[in-house]
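Line by line, the protein sequences are chains A, B, C and D.
For the first sequence, position 141 matches number 732 in our numbering, and the numbering has no gaps at all.
For the second sequence, position 98 matches number 460 in our numbering, and the numbering has no gaps at all.
For the third sequence, position 22 matches number 4 in our numbering, and the numbering has no gaps at all.
For the fourth sequence, position 254 matches number 410 in our numbering, and the numbering has no gaps at all.
Just so you know, these hints were derived from the structure itself, not from any lab.
Be aware that one or more of the hints could be misleading.
Said to hold, decoys possible - Below are the BS3-like pairs computed for lysine-lysine, each with C-alpha atoms no more than 27 Å apart in a straight line:
no., chain 1, residue 1, chain 2, residue 2
1, D, Lys159, C, Lys169
2, C, Lys93, A, Lys794
3, C, Lys143, D, Lys411
4, B, Lys424, A, Lys673
5, C, Lys39, D, Lys159
6, C, Lys39, C, Lys63
7, D, Lys183, A, Lys739
8, B, Lys459, C, Lys93
9, A, Lys750, A, Lys739
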Amino acid sequence: MTSLPIWIGAILTIGCYSFMFGENVLYSFCEHAMVGFAAAHLLVTGYNNILTMAWNPVFQKGQFIWLIPIIAGAMLYLRFVKPLAWIARIPLAFLIGAGTAMSVYRSLSAEFVKPIASTAGMAWNTPNNIIYIATVLAGLAYFVVSLKEKSALGQGFQKIGKVGQALMMIGFGASLAGNVGGTLSYLIGRMNFLFGTWLGIIK
Amino acid sequence: MKGRSALAVLVSTLTALVVFAARFVDVPVITVTSQRIMEWTVVVAAFALGLGAVNLARVSIKNISARRGKSWWLNIVTLVFLVVPAVTGIALGPNHKNYLWMYNTFYVPLNASIVALGVFWICSASYRAFRLRNLHSFLLLASSTIVMIGSMGLGQKYLPYSPKMSEWILNVVSSAIMRSMGIITAIGMAGVGLRIVVGLERRPLAGGDSGE
Amino acid sequence: MNRLAEWLSNIDVRILQAGLVIVVVFALVNPMGLSVPITEGATRAYESINSLPAGSKVIFAVSTNPGSAAEHAAMGPAILKHLVKDKIKIAFIPTGSQATAYVADYVNQAKKLGYKEGTDFVNLPFRAGDEKFVASLGTGFKSVYKELPSSPLWDSMVDIKSFSMWIDISGGQSQMWAIAHIGDPFKIPVVSGVNSNMIMNLEQYLKSGQLSGLLGGLAGGAQYEVLSGAPASGVASMDAQGFGYLWIILLLILGNIGYLTSKKAGTAKGGVTGD
Amino acid sequence: MIKGTVSTFGALVLFIGAWLIFASGTKRGKRFSIRRVAGIQAVDEAVERCTEMGRPVHFATGTGALDSSMIASFAIMSYIATKCAQMDTGLIVSAGLPEIYQISEGVVRQAYVEAGKMGSFRAENVRYLTSAVAAYEIAVDGLLHRENPGANLMFGPFNAEAMMIAERGNRLGLVQIAGTNSFLSLARFVATCDYVLIGDELYSAAAYLFRDKEPDRVNQVLAQDVLKLGAFLVILIGTILTSSGNGIVAKLLAK
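Isolated chain A (complex conformation):
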């Protein structure tokens, strides 16, 4: 016996798929409903966070230090008040500062030094290793733009870079295959819902 949520889910799923027959009212309804709910969900989780992390400590336990982030957070909403909109930049700057510090650190450590160290620790001994190291070098060479075009070094880098560019296509091809696989799983998920959960055809 299928229940009400499953029926609603099925109707909404079909509504979204109706987009394949051009834009229509049912699809637009679904899209607008989704946009609304997505924003609501963020609001709800955000509210819950503020409540448990800052509001309750201040007003139940008297930890007044948490007033600082509460005030800073509230300042974000001044962006909707025209003359005071600039104040919203300050807490935003706080978020951006902390976020950027994190991402710069991550970029330079986990995504720059560590991969280089790992590659430098390889030896030119097996065919696969040789291809691997050469590919990394060719890929790097492609993005070097400062060497003089006319110089032998610059020309050499450009030639290696051309090979790197071609090898990139193989990487992108693999990415594309992954993309196909991913979107197929979304389709499978929906079809499992429609033909399994809803209609009961798939066991």
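Fit chains B, C and D to the known structure of chain A by using the hints.
Below, chains B, C and D without anything else, positioned relative to chain A:
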């Protein structure tokens, strides 16, 4: 106006410096301050999560009252699906069964189905747009075909070497080229990050005014 | 020949799209039970998790959203079952705001498998901040969860070093946060389950040892099911995915037959610089 | 120093140091140059072709966030707008996010002013579509059919809409040039476009175009090049040493 931007830059630079320094040196003052900052950002970021909802509500209400566009009534749909879950979730909490019921009944099928439309674009693009127009597109399509064949059971059954070839592309060529691109991207991210921190890049901060 | 080529390149695309749906549904209704090719990333994920001693603690970080749920539908439950079987203690953490509903799902599954909250697993609430939040778990694990009631398991989780692994189920961002702020600095192995379009970008971190395992999408889940000897929904969907791939490859060939023949005839539209 | 962070700190010092050296060079009046990225030529040709055909140029930003790739794309947008203004060719911009729309309008207006063609600037040609992927796709699709552009230029943070827009432009036989730093969109663009600026090339192209106006962009690219060449050399030397049984480079980097 200048002083205001300078204040924002000062805040972001100081925050970034403390947090960044705490990653490298083990000085208690810095470590503790950085930890405090991180706790506070979690709260401030939680406030930021609601910005979208407020903005969306404002725009929707404006469109409804101005009857803007031929399908202005769709803004009512947005508003209903914004307000009802928001009130329920705030009153009962995000883990209450009534809120989760709404989420699972409405939001999950909507979001999953809209994402699942992507496969149809892949479908029409493979037929109409992915052309063997030059060496590059040949390499791209050949490698993607090999990886696709190699990751399905049919391929393993009828072309026993296909999983090995696919695995080779992934583990050697693709992995190596993605490593070089990862290194390059990381340098770029660090560059942009440093620009933002020292205030050379003002646009992300100026974004604070664009409430509309 | 030319007329055939012209016909082949002018099929209404909606018919081809409907064909894809039919092929996929057909394979879902009539599974052929074909084998699942296993990748190195999946094998390493299984082996790393399998080598955890009973009683050790892991973080099970989830940032699934409804959009990526289909990709994670097999790997999440498969890993969870394996953890429960090996008696590993779990801390569930949602790292994305939409993941709370999915964490609730995992918690229910764990309870069904006989796990008890407070002694076998803890369910930590969502915190905003994305990368900043993950980083603050490393520097001060408990300080972002001050309000949580005491329980035997929660009290034994002192800081990030109490954990022997970070298992990350996500769309493709949070595992990098985990690597940079948890895995590398604290030498905690990170096993990552991602959407299939991300495995190519992450393969290199498997090679460098920054990841201890990598599962890609539905297929990755199916591979884990096979490795842990418990085939379930993932394996059942693999035939459908294979048929979908086949359909797409067929379209690629069809489209290019039309293109190449019309190019020979000189009617194809060319670009400016084509390299 | 915390153990394991020395090498990261070294990279940071090298980066900032190189940047400062270039910046002080610029201050003393020295002008550095970088190689012209090949994609720029393709953009020139596309605009010229549109001019010959008397059709407008279409510029899409995608629905992604206002990130660094979008900031670089604004520089390219400005270059294209200047070129269009000079050649009296129409330019239509499809913006995804409201803030990207606002900045785009300013960028295009400024380009027309600087080209001395303020009279032919049409504010309504810079359009805010929407940031919802499917709706953006529909809007661009309709626009491509109605306005009949000759070229479809896609620069910015593209999400899933990349696939559909590139496919549609391809079917309409438009000259297509794209640039983005999202790996996934890159794969889709390479398969459907005439020329693609790959990731970091977008920044180099932007810096090249504005080498006179904003020399600090060139300095940034040069400083990044120091790190790139550094990575190249470290890997080259490291692997040669490792092959001869000396693992010192990997050991040093683990510090």
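Evaluated hints:
With a C-alpha separation of about 12 Å, the suggested pair lysine 159 (chain D) and lysine 169 (chain C) falls inside the 27 Å cut-off, and the hint holds. A distance of roughly 25 Å separates the Cα atoms of lysine 93 (chain C) and lysine 794 (chain A); the hinted pair therefore holds under the 27 Å criterion. Taken as a hint, the lysine 143 (chain C) and lysine 411 (chain D) pair is honoured in the structure, with Cα atoms around 21 Å apart against an allowance of 27 Å. A hinted pair counts as satisfied when its Cα atoms are at most 27 Å apart, and lysine 424 (chain B) with lysine 673 (chain A) qualifies at roughly 16 Å.
With a CA separation close to 25 Å, the supplied pair lysine 39 (chain C) and lysine 159 (chain D) stays within the 27 Å bound. A hinted pair counts as satisfied when its Cα atoms are at most 27 Å apart, and lysine 39 (chain C) with lysine 63 (chain C) qualifies at roughly 15 Å. In summary, the hint linking lysine 183 (chain D) to lysine 739 (chain A) is supported, as the alpha carbons are separated by about 22 Å, within the 27 Å threshold. As the CA atoms of lysine 459 (chain B) and lysine 93 (chain C) are separated by approximately 17 Å, the hinted pair is consistent with the 27 Å bound.
Of the supplied pair hints, the one linking lysine 750 (chain A) and lysine 739 (chain A) holds, its CA atoms being roughly 13 Å apart against a limit of 27 Å.
The structure meets every hint from the earlier list without exception.
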